[in-house]
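K.L.:
Residues 1 to 400 (the working numbering) are what the sequence shown spells out, left to right.
Keep in mind the hints are simulated off the structure, nothing from the lab. Some hints here could point you the wrong way.
In silico lysine to any residue, SDA-like type, Cα no more than 25 Å apart, as pairs [to be verified]:
hint : residue 1 : residue 2
1    : Lys238    : Leu250
2    : Lys238    : Phe219
3    : Lys238    : Gly261
4    : Lys238    : Leu265
5    : Lys238    : Ala208
6    : Lys138    : Gln209
7    : Lys138    : Phe219
8    : Lys344    : Tyr381
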Amino acid sequence: MRGARLVLGLSGGLDSIVLLHLLHAAASRHGYVLGALHVHHGLSPNADAWARHCRRVCRALAVPLGVRRVRVARRSGGGLEAAAREARHAALLRTRADAIVLAHQLDDQAETVLLQLLRGAGPRGASAMPAVGTLGGKRLLRPLLEVRREALRRYARRHALDWVEDESNDRESITRNYLRHRVGPLLAARFPRWRESLARAARHFAAAQADERALLRAFLEQQGLRAPSEARLIEMLKQLAAGSPRMQLLHDGARLRSYRGRVYLDRIGAGGGQASPPGFEPLTWQGQRRLRLAALDGGELRFRRTRGAGIDAARLGTGVVSVRLRRGGERLQPDPRRPRRTLKNLFQEAGIPPWQRDRLPLLYCGEALVWVAGLGVDCRYSAAAGAPGIVPEWRDAAPD
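Could you put the whole structure together from the sequences, leaning on the hints where they help?
P.N.:
See the structure below:
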């Protein structure tokens, strides 16, 4: 960080005052240039007094301070607290800092993890705040994330530091304050180190995120695709984790999608994203071992003769055997203990992604559906024990 310009977000509260004192003491040793920014939200009757306090403290330390007034959108969809945070971040991004420094500490981290878990967040949300990250393209540092609030209080008293108290911190209508004042003491009575435990869990969640990034990067490289930037990789993981079957991520000539926790990839132009190919004509099977389906990108149906498995060979000889694609409304009964069901229902149960379903071949004997790729044989056409049978196998030329 030698020669870098650090700008501290200075509220005037305990945490940021202690961090200002620590950063000022270490500046000459580490060679960075320290500045501070106080964001005046105008939400408290004490806002002017807080700004004056920050000026006095910075003047005594000879630390340059900027005070920026912002307008907070009180009707913001994310609530007043989120709107104020967005306004602070926007103000910090307008500075000429090489790195932005914030004074979040371990108690804040634990409360954030708890909030995220109560909201049903996954690993990304539950990893809470990183000690080193980015904000709008600038480096973001949180050097106090491993330090308890009580330790900061002891430091401030030992060095005779003055700080301001935000009266809104006592307002239990704010969820974070409710957790701090009501839930925290109850947890501490049974789990004295609950804050440290949740902060440690955040690190584990963050490590899991890093593992996922490494895994996705390796998967893309294994497929012969160029590695995306770190920011793009994080965004790709976020969208894939959402799991919407309609979501398609385009990267380096390929399409990535996710369904039920699995990631699928196909090359653009390989047909993996289309529904039933237009103009697909049913094909007749005449007993050959292999049947190539050019309309399905050269995929191939293979027929293996056996005994006691697959489709009853004698039943197949009673009518014209044809290969078709799904049109809607078809039913199959793979399990004799369960009734015939729609292919849609069976595909969902089998976990077959929606975009693959209309491209799976169906085998008919006359007008009777006897086999579906990915689902198997209709039980009414299954070969009996010891009887000649035919086992179809679908080899997709462009699997995703």
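K.L.:
Hint by hint, say whether it matches the structure.
P.N.:
How the hints compare with the structure:
no., hint, verdict
1, Lys238 to Leu250, "holds, 14 Å"
2, Lys238 to Phe219, "holds, 16 Å"
3, Lys238 to Gly261, "holds, 12 Å"
4, Lys238 to Leu265, "holds, 16 Å"
5, Lys238 to Ala208, "holds, 13 Å"
6, Lys138 to Gln209, "holds, 21 Å"
7, Lys138 to Phe219, "violated, 29 Å"
8, Lys344 to Tyr381, "holds, 21 Å"
Going down the numbered hints, you'll see the structure goes against just number 7.
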